[in-house]
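Using the sequences provided together with the hints, build the complete structure.
Residue numbers (the numbering used here), protein chains in the order written: chain W, 27 to 332; chain G, 75 to 196.
What the hints contain is simulated information worked out from the structure, not anything from laboratory work. Because the structure is a prediction, the values reported are computed rather than measured. C-beta atoms are modelled at their ideal positions from N, C-alpha and C, and glycine is treated no differently. Warning: the hint list may mix true and false statements.
[Stated by the list, open to error] Residues from chain G shown here face chain W by an in silico Cβ test under 10 Å; the list is partial:
| no. | residue |
| --- | --- |
| 1 | Ala143 |
| 2 | Pro150 |
| 3 | Val151 |
| 4 | Asp158 |
| 5 | Ala161 |
| 6 | Tyr183 |
| 7 | Lys190 |
[To be verified] List time: in silico BS3-like cross-link candidates among lysine-lysine, alpha-carbon distance up to 25 Å:
| no. | chain 1 | residue 1 | chain 2 | residue 2 |
| --- | --- | --- | --- | --- |
| 8 | W | Lys113 | W | Lys87 |
| 9 | G | Lys164 | W | Lys270 |
| 10 | W | Lys87 | W | Lys318 |
| 11 | G | Lys185 | G | Lys109 |
| 12 | W | Lys113 | G | Lys164 |
| 13 | G | Lys121 | G | Lys164 |
[Said to hold, decoys possible] Residues of chain W placed beyond 10 Å of chain G at every Cβ, according to the derived structure:
| no. | residue |
| --- | --- |
| 14 | Val36 |
| 15 | Arg73 |
| 16 | Gln83 |
| 17 | Ser116 |
| 18 | Leu152 |
| 19 | His154 |
| 20 | Pro155 |
| 21 | His169 |
| 22 | Gly196 |
| 23 | Val239 |
| 24 | Lys270 |
| 25 | Ser315 |
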Amino acid sequence: MSETLFEPVVGRYLRLNLLGRPHRLYVEEAGQGIPLLCLHTAGSDTRQYRGLFNDAQILEKFRVISFDLPWHGKTSPPEGWQQREYKLTSAAYTDIIMTVCDALQLDQPVAIGCSIGGRIVLHLALEHPERFRALVGLQSGAHVEPYYDLRWLHRPDVQGGETCAGIVSGLIGPESPDSERWETLWHYMQSGPGVFKGDLHFYNLDGDIRGRVAGIDTTKCPLYLLSGEYDYSCTPEDTRELGKLVNASDVTIMEGMGHFPMSENPEKFLQYLRPVLERIHADSLKGQSEQKQSRPADDGEPGGRH
Amino acid sequence: MQDPQSLPELVNNDAWLVYRGRYIDTTFLLEIGEKSWLISIFEGAVKSVQSGPFVMPRWAFAVRVQQSAWEEYCRPVPKPGYHDIMALVKFKRATLEGDQQPLMANLLYFKDLLAKFREKKS
Numbered sequence: 027m028s029e030t031l032f033e034p035v036v037g038r039y040l041r042l043n044l045l046g047r048p049h050r051l052y053v054e055e056a057g058q059g060i061p062l063l064c065l066h067t068a069g070s071d072t073r074q075y076r077g078l079f080n081d082a083q084i085l086e087k088f089r090v091i092s093f094d095l096p097w098h099g100k101t102s103p104p105e106g107w108q109q110r111e112y113k114l115t116s117a118a119y120t121d122i123i124m125t126v127c128d129a130l131q132l133d134q135p136v137a138i139g140c141s142i143g144g145r146i147v148l149h150l151a152l153e154h155p156e157r158f159r160a161l162v163g164l165q166s167g168a169h170v171e172p173y174y175d176l177r178w179l180h181r182p183d184v185q186g187g188e189t190c191a192g193i194v195s196g197l198i199g200p201e202s203p204d205s206e207r208w209e210t211l212w213h214y215m216q217s218g219p220g221v222f223k224g225d226l227h228f229y230n231l232d233g234d235i236r237g238r239v240a241g242i243d244t245t246k247c248p249l250y251l252l253s254g255e256y257d258y259s260c261t262p263e264d265t266r267e268l269g270k271l272v273n274a275s276d277v278t279i280m281e282g283m284g285h286f287p288m289s290e291n292p293e294k295f296l297q298y299l300r301p302v303l304e305r306i307h308a309d310s311l312k313g314q315s316e317q318k319q320s321r322p323a324d325d326g327e328p329g330g331r332h
Numbered sequence: 075m076q077d078p079q080s081l082p083e084l085v086n087n088d089a090w091l092v093y094r095g096r097y098i099d100t101t102f103l104l105e106i107g108e109k110s111w112l113i114s115i116f117e118g119a120v121k122s123v124q125s126g127p128f129v130m131p132r133w134a135f136a137v138r139v140q141q142s143a144w145e146e147y148c149r150p151v152p153k154p155g156y157h158d159i160m161a162l163v164k165f166k167r168a169t170l171e172g173d174q175q176p177l178m179a180n181l182l183y184f185k186d187l188l189a190k191f192r193e194k195k196s
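This is how it looks when you write it as structure tokens:
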């Protein structure tokens, strides 16, 4: 009999109220140490972070967690979804993330988000910097102008999944491996009707943070930005501009990568991400030892869940 | 770029691409700089490629691309911003006009068809 081969990642359903409605939220996690909350892109799900969930080096020091937003992946929409149009807003997205952090009792997590996730970390940096140890924005820009007619993403005379995949296919770097490219596109093909479009309500309209982004204080919470050079949705210039404006802790432009670094080329992406996580980890250790020195009588629990 | 007249051969020998376009019956205009072609697709295969200039062309949708942008698009590995038709549109180096329904309903097919114009890696 051949050996049973499970990945280190475990998926479970979390029961909680989000925005006042009961949900059955799908959550994956692996590893131990500093909580690292991973936020997927518009119209996709936790599978985008499969590279992180399988990286032994990261799992040694980080408890990697990801959840499917309501309407995405294995998290169904709330009861009554059939009677309204789905539109993600900044307030709802922030509320969901903070509620999940509380429900999972995450103490000073790191949050990493891509695209809409990369945008919401900017909102988190502004509104909840004290709750996070560090924030990492992938393909993170303050605003993106729509460059095509979004109505094509949800209408009965086109197949939604394939059209959404067709829209985003060019956002993948041309030399990303075919297997990872099509895995990434498959997630888009599986997205529910109107979900990608509903997420873009936040990305293109409601989540425009240009007017407020200068208020981000990276001394309160470090903010790292990484962007792929082939992304034409959030361009490297957008990220560089943002980095200057907020005095980002670090800005990295990832060669050959597109809009979905963790999913379109996980191996290459991890080469860029590992040093950032190492730095966050080292800063945490430094912070702990400084805290100890300033409180010599403190016999607290340094090895607890961070 | 590949010679547009070689498009029927390039597409029609790709059985999977033809299958994916099996419900397409349309004609579109491809305009690169000052040159243009009318490309007719039937059941996923390229039925004809007519070269312009045209007096009274009929097409469902038109893809118009700046000459220099198309040249970069056709390189085996184009520079960022030139590697996809939607990237060209975003940076205003191309426009998509007319009845976009056949294009958007078969976007992955048409992206792969346009990629047939790309030069092969040496």
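Results for each hint:
1. Ala143: With Cβ-Cβ at 13 Å, over 10 Å, it is violated.
2. Pro150: holds, 9 Å
3. Val151: It holds, given that the least Cβ distance between G/Val151 and chain W is near 6 Å, below 10 Å.
4. Asp158: G/Asp158 check passes; min Cβ-Cβ to chain W is 3 Å, inside 10 Å.
5. Ala161: Status holds, d = 4 Å.
6. Tyr183: Given a least distance of 8 Å, the restraint on G/Tyr183 holds.
7. Lys190: Violated - the Cβ of G/Lys190 stays beyond 10 Å from chain W, reaching only about 15 Å at its closest.
8. W/Lys113 with W/Lys87: Not satisfied, since the Cα-Cα distance of roughly 36 Å exceeds 25 Å.
9. G/Lys164 with W/Lys270: holds, 24 Å
10. W/Lys87 with W/Lys318: holds, 20 Å
11. G/Lys185 with G/Lys109: Holds, at about 20 Å.
12. W/Lys113 with G/Lys164: holds, 24 Å
13. G/Lys121 with G/Lys164: Violated, at roughly 30 Å.
14. Val36: About 34 Å separates W/Val36 from the closest Cβ of chain G, which puts it past 10 Å; holds.
15. Arg73: holds, 20 Å
16. Gln83: holds, 29 Å
17. Ser116: holds, 24 Å
18. Leu152: holds, 27 Å
19. His154: The assertion about W/His154 holds, with a minimum of 32 Å to chain G.
20. Pro155: Check passes; 32 Å lies beyond 10 Å.
21. His169: At roughly 14 Å from the nearest Cβ of chain G, W/His169 sits farther out than 10 Å, so the non-interface label holds.
22. Gly196: violated, 3 Å
23. Val239: holds, 22 Å
24. Lys270: holds, 20 Å
25. Ser315: holds, 43 Å
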